[in-house]
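From just these sequences and the hints, can you work out the full model?
Spelled out, the chains give:
Protein chains: 2
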Amino acid sequence: MAERLIYLPLGGAGEIGMNAYVYGYGEPGRERLIVIDLGVTFGDMDTAPGIDLIMADVAWLEDNRDRIEAIFITHGHEDHVGALGLLWGKIQKPIHCRRFTGALARLKMEEMGQPVEHIHIHAPRPEVVSAGPFQVQFVPVSHSIPESSALIIDTPAGRIVHTGDFKLDGTPVVGEPFDPITWHEIAKEGQGVQVLTCDSTNIFSPNPGRSEAVLANPLLDFVMSQRQLVVATTFASNIARLRTLAEAGVAAGRKICLLGRAMRRMVTVGIETGVLDRFPPVVSPEEAADLPRDKVMLVVTGSQGERRAASAQLSRGRYLGIELKEGDSFLFSSRTIPGNERGVIRIQNQLSEMGVDLFDADDGMYHVSGHANRPDIQAVHDLLKPRMVIPMHGEHMHLREHMKLAEARGIPSMVVTNGTMVEISGAAPRVVDHIDTGRLYLDGTALIGAMDGIVRDRIRMALNGHAMVSIIIDEDDNPLPDAWVELSGLPERGRAGVPLAGNIESELAEFLERADDRTVMNDDRLEEAVRKIARQVSMEEIGKKPEVTVIISRLAAE
Amino acid sequence: MAERLIYLPLGGAGEIGMNAYVYGYGEPGRERLIVIDLGVTFGDMDTAPGIDLIMADVAWLEDNRDRIEAIFITHGHEDHVGALGLLWGKIQKPIHCRRFTGALARLKMEEMGQPVEHIHIHAPRPEVVSAGPFQVQFVPVSHSIPESSALIIDTPAGRIVHTGDFKLDGTPVVGEPFDPITWHEIAKEGQGVQVLTCDSTNIFSPNPGRSEAVLANPLLDFVMSQRQLVVATTFASNIARLRTLAEAGVAAGRKICLLGRAMRRMVTVGIETGVLDRFPPVVSPEEAADLPRDKVMLVVTGSQGERRAASAQLSRGRYLGIELKEGDSFLFSSRTIPGNERGVIRIQNQLSEMGVDLFDADDGMYHVSGHANRPDIQAVHDLLKPRMVIPMHGEHMHLREHMKLAEARGIPSMVVTNGTMVEISGAAPRVVDHIDTGRLYLDGTALIGAMDGIVRDRIRMALNGHAMVSIIIDEDDNPLPDAWVELSGLPERGRAGVPLAGNIESELAEFLERADDRTVMNDDRLEEAVRKIARQVSMEEIGKKPEVTVIISRLAAE
Numbered sequence: 001m002a003e004r005l006i007y008l009p010l011g012g013a014g015e016i017g018m019n020a021y022v023y024g025y026g027e028p029g030r031e032r033l034i035v036i037d038l039g040v041t042f043g044d045m046d047t048a049p050g051i052d053l054i055m056a057d058v059a060w061l062e063d064n065r066d067r068i069e070a071i072f073i074t075h076g077h078e079d080h081v082g083a084l085g086l087l088w089g090k091i092q093k094p095i096h097c098r099r100f101t102g103a104l105a106r107l108k109m110e111e112m113g114q115p116v117e118h119i120h121i122h123a124p125r126p127e128v129v130s131a132g133p134f135q136v137q138f139v140p141v142s143h144s145i146p147e148s149s150a151l152i153i154d155t156p157a158g159r160i161v162h163t164g165d166f167k168l169d170g171t172p173v174v175g176e177p178f179d180p181i182t183w184h185e186i187a188k189e190g191q192g193v194q195v196l197t198c199d200s201t202n203i204f205s206p207n208p209g210r211s212e213a214v215l216a217n218p219l220l221d222f223v224m225s226q227r228q229l230v231v232a233t234t235f236a237s238n239i240a241r242l243r244t245l246a247e248a249g250v251a252a253g254r255k256i257c258l259l260g261r262a263m264r265r266m267v268t269v270g271i272e273t274g275v276l277d278r279f280p281p282v283v284s285p286e287e288a289a290d291l292p293r294d295k296v297m298l299v300v301t302g303s304q305g306e307r308r309a310a311s312a313q314l315s316r317g318r319y320l321g322i323e324l325k326e327g328d329s330f331l332f333s334s335r336t337i338p339g340n341e342r343g344v345i346r347i348q349n350q351l352s353e354m355g356v357d358l359f360d361a362d363d364g365m366y367h368v369s370g371h372a373n374r375p376d377i378q379a380v381h382d383l384l385k386p387r388m389v390i391p392m393h394g395e396h397m398h399l400r401e402h403m404k405l406a407e408a409r410g411i412p413s414m415v416v417t418n419g420t421m422v423e424i425s426g427a428a429p430r431v432v433d434h435i436d437t438g439r440l441y442l443d444g445t446a447l448i449g450a451m452d453g454i455v456r457d458r459i460r461m462a463l464n465g466h467a468m469v470s471i472i473i474d475e476d477d478n479p480l481p482d483a484w485v486e487l488s489g490l491p492e493r494g495r496a497g498v499p500l501a502g503n504i505e506s507e508l509a510e511f512l513e514r515a516d517d518r519t520v521m522n523d524d525r526l527e528e529a530v531r532k533i534a535r536q537v538s539m540e541e542i543g544k545k546p547e548v549t550v551i552i553s554r555l556a557a558e
Numbered sequence: 001m002a003e004r005l006i007y008l009p010l011g012g013a014g015e016i017g018m019n020a021y022v023y024g025y026g027e028p029g030r031e032r033l034i035v036i037d038l039g040v041t042f043g044d045m046d047t048a049p050g051i052d053l054i055m056a057d058v059a060w061l062e063d064n065r066d067r068i069e070a071i072f073i074t075h076g077h078e079d080h081v082g083a084l085g086l087l088w089g090k091i092q093k094p095i096h097c098r099r100f101t102g103a104l105a106r107l108k109m110e111e112m113g114q115p116v117e118h119i120h121i122h123a124p125r126p127e128v129v130s131a132g133p134f135q136v137q138f139v140p141v142s143h144s145i146p147e148s149s150a151l152i153i154d155t156p157a158g159r160i161v162h163t164g165d166f167k168l169d170g171t172p173v174v175g176e177p178f179d180p181i182t183w184h185e186i187a188k189e190g191q192g193v194q195v196l197t198c199d200s201t202n203i204f205s206p207n208p209g210r211s212e213a214v215l216a217n218p219l220l221d222f223v224m225s226q227r228q229l230v231v232a233t234t235f236a237s238n239i240a241r242l243r244t245l246a247e248a249g250v251a252a253g254r255k256i257c258l259l260g261r262a263m264r265r266m267v268t269v270g271i272e273t274g275v276l277d278r279f280p281p282v283v284s285p286e287e288a289a290d291l292p293r294d295k296v297m298l299v300v301t302g303s304q305g306e307r308r309a310a311s312a313q314l315s316r317g318r319y320l321g322i323e324l325k326e327g328d329s330f331l332f333s334s335r336t337i338p339g340n341e342r343g344v345i346r347i348q349n350q351l352s353e354m355g356v357d358l359f360d361a362d363d364g365m366y367h368v369s370g371h372a373n374r375p376d377i378q379a380v381h382d383l384l385k386p387r388m389v390i391p392m393h394g395e396h397m398h399l400r401e402h403m404k405l406a407e408a409r410g411i412p413s414m415v416v417t418n419g420t421m422v423e424i425s426g427a428a429p430r431v432v433d434h435i436d437t438g439r440l441y442l443d444g445t446a447l448i449g450a451m452d453g454i455v456r457d458r459i460r461m462a463l464n465g466h467a468m469v470s471i472i473i474d475e476d477d478n479p480l481p482d483a484w485v486e487l488s489g490l491p492e493r494g495r496a497g498v499p500l501a502g503n504i505e506s507e508l509a510e511f512l513e514r515a516d517d518r519t520v521m522n523d524d525r526l527e528e529a530v531r532k533i534a535r536q537v538s539m540e541e542i543g544k545k546p547e548v549t550v551i552i553s554r555l556a557a558e
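Those sequence lines, one after another, are chains A and B. Residue numbering for the first sequence follows my numbering, beginning at 1 and increasing consecutively. Residue numbering for the second sequence follows my numbering, beginning at 1 and increasing consecutively.
Calculated from the structure, these hints are not laboratory results. Among the hints, a few may not be true.
In this list, chains with the same sequence are indistinguishable; a pair is considered to hold if it fits within one copy or across any two.
Capping the alpha-carbon separation at 30 Å, the derived lysine-lysine pairs in DSBU-like fashion look like this [claimed, not checked]:
{"no.": "1", "residue 1": "K404", "residue 2": "K295"}
{"no.": "2", "residue 1": "K532", "residue 2": "K188"}
{"no.": "3", "residue 1": "K188", "residue 2": "K544"}
{"no.": "4", "residue 1": "K295", "residue 2": "K325"}
{"no.": "5", "residue 1": "K532", "residue 2": "K325"}
{"no.": "6", "residue 1": "K90", "residue 2": "K545"}
{"no.": "7", "residue 1": "K90", "residue 2": "K544"}
{"no.": "8", "residue 1": "K325", "residue 2": "K545"}
{"no.": "9", "residue 1": "K325", "residue 2": "K404"}
{"no.": "10", "residue 1": "K325", "residue 2": "K93"}
{"no.": "11", "residue 1": "K325", "residue 2": "K188"}
{"no.": "12", "residue 1": "K325", "residue 2": "K90"}
{"no.": "13", "residue 1": "K255", "residue 2": "K325"}
{"no.": "14", "residue 1": "K93", "residue 2": "K188"}
{"no.": "15", "residue 1": "K404", "residue 2": "K544"}
{"no.": "16", "residue 1": "K545", "residue 2": "K404"}
{"no.": "17", "residue 1": "K90", "residue 2": "K404"}
It should be emphasised that the depicted structure is a prediction, and the values quoted were computed from it without experimental measurement.
The following block contains the structure:
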């Protein structure tokens, strides 16, 4: 059978987060595979309470492990590398990335006790990494973290450009600028670009993106005009922003103090790997606490309202000896990711109660995005002249809008969501298979399936409360009349004004007294009858039906 | 003791939602009281899973019921009238409002089986409602619902202007325009305005607000340019918007179909009370389903992503015989309230998967706010020349910013949050008391306290899962060795690969065998020991500690 080139997203296509993409080349069903990125996304109370991390279900990769050549990581953001340590054990293939990304990947592997010697560090293009039928180059692009890279993937069926996350920034402050000359070359070499797989995050942003460099002066003006303690928060991995903030603070005569483990780690990794230079000296929280308030600037984690990050800690009171006060200033040099608003507002209100003056990104004055906007995406289409465009890294509506943009300009395109395998060696993308895919949840230390019912049960208990009923059947197969009911997350008293648990117990006692042997002898039947009574009584008393767990204990004859 | 005028917010001050304000006049501790608005706010999974409605705890009003003269309702939004039926039984005083608001208040009372004859309908100023020492007038203001009213509250200590929710709209399409002449009179009468208690919602919006009327042409252009079925969603109570949308549809040659109970009810109430005229005829969903797609426009509920509203239903597939398809258009003529983003994005993605083209408010092209912006608020300060300004209806940061605005212009002001009683008869607000206040939750049909621990238990079960342990102690006070463990919302298997429940049971069996009488005979001690073991085993196996409920059954000697 003829060889073909395939593309299969397992995560990140139809959502923003947990990126995991697969390319394959070879005979159908026997393609050799490479994996691009293994990222995480974060749970929320609505859909995944108690879940620490969410990642793509890689069962298909596990089943086809002998076909996988390698894993490539485009950059060090959590949604691209965060699942590496958790999922590597299921794949166990070499990991290729650049130095800074490699340092972060190493931490992810170490955290999970995985062998770090499988991480291979590469220089950018022109270095080529061979992985079976794939020849891969890392091409520097600008983004909100250093060393973000697009991948040039050359295959016998043509060249793929996989952009990773990128923006068009000629002056990214830290890290490498977007270089149109290189991209022009990439488009012209050989047969040109067969497939452009392209970041879609900002497809709805109508104006050209702005450079990181434009923030320096506004941020300096901002810090200069504050009279007391200044706090600024942004993503820990946005090292360019960290330096811009720190330099503004120093220029305004302040000492810089970094709060938050992730932020200190990023700066350390940045310095160690050489991507970050000229970072001003910092002081410890203890030193900062002893300095006059107008001589300090804190740069802190928690711009998304994360409960355990430094911003949240400061909003709750004294933290590491530092306490915010009336007249202090707190800048969110960030954008609130949709879904995180509640957490951010909670913190802002608490800061406001302390008398702290709040400042947000102010329509882009103090923040720029790390992703290409619509005109930038269009410019990349123009520059690369691909034979087809596959939109990636976006909610379904982003992918669809990106597809429409490509098609309007005569480039074949398709919305390819997680689990859809498309052949991309032809003139246009063509669906060839659907893979069962889904999400894995990290719950404590356990990896569970999103569809296992565990999280569903948690959501139901949270919405409906939980009633537990203990029934004892004696040695002669007679139920003891006093069923015991414990309620968790349910009103103590109902409409009747008497305790709800007691009310259910009475109904159950009555039922157990007259229950026939057929019911009593059958666990399922008995459980179902008991559950029904507990739910009915609750419905009458408090207007809702709780989750019910019935424990039946049968005493053995001695 | 000298009489004084007091202000006490019980809800709505330090949050947006569940408005409930109290004014009092008289000797300290014996003031006669009026209540302004009794609204609700909605729960979310993060803070109140399973809770249907949230409202102010009115225990203080209940304790001081004999001092209350009346309840006034400014307008018919849920956050102002939604708790009336639920809380009226605790207050039992006359309710005063205007006609349209009264029709909605009546529905709220009826739903809860409360007597509607306590609702008194009034004409706007110059009609005066007497309530003890208070002389109250309803003054029409523009807002996103008809008949929104500010209250002029004349007292022996001077005039209060309580704005309610308002914007400065001279052409509100439906309902009454904001009339600066009236406001000028109000400021000049008698001793002028002692206190302005003022909406703070949009204090951070720097530009003057825009009129509802500006939307007519863009909405018409929008509908005209669509080729297939058009769906538009907005707040059901925004009757002006409903008519503008419907008129755009009719002008574009389409039949209008309203989907969603709340929306049909609002239009009916609007027509019945005379505030809504010229609403185009509508067709039923069945008729709509039979018409060509380009001849129909649906106007539907669910702009905030509510799971049971029409938008969500349509995003899940066929609803009332109508199914959205490739090429249909869906307009959100609304702003997503912070915190609702996840629900809205979920619907938008599902619509996108159906091939539906999505349109949002597009920077205000298809939506205007119902609240006064910063320059409008400033204009009202100028117009009324109050001796003091009390910011209300806002998160803490809104109230604080509003206070700063007033103070910068030389008007005494203060951030007064829920539960703070201030004297407002002097030259500036002065705190005189703090009232224990909080939130009541409607859970099914039960009203529970936010701090009762019920919701806390639900959140804990959702985050940590729930393990139930049943222990039986026999007639001779010996524990039966086979403890039974049921898990809910927890991984089945842990690190060891064996069932977690079985693992806990083994540990418990071992413990029960060697447990001393002192532990076995004491329920609390035994429960604590069992809980500790269950949590320890879970921590080792799955890296997290579940909530544990222990049921101990002691068999009676026969």
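**Item:** Hint numbers contradicted by this structure
**Value:** The structure breaks hints 2, 3, 5, 8, 10, 11, 12, 14, 15, 16, 17; every other hint is satisfied.
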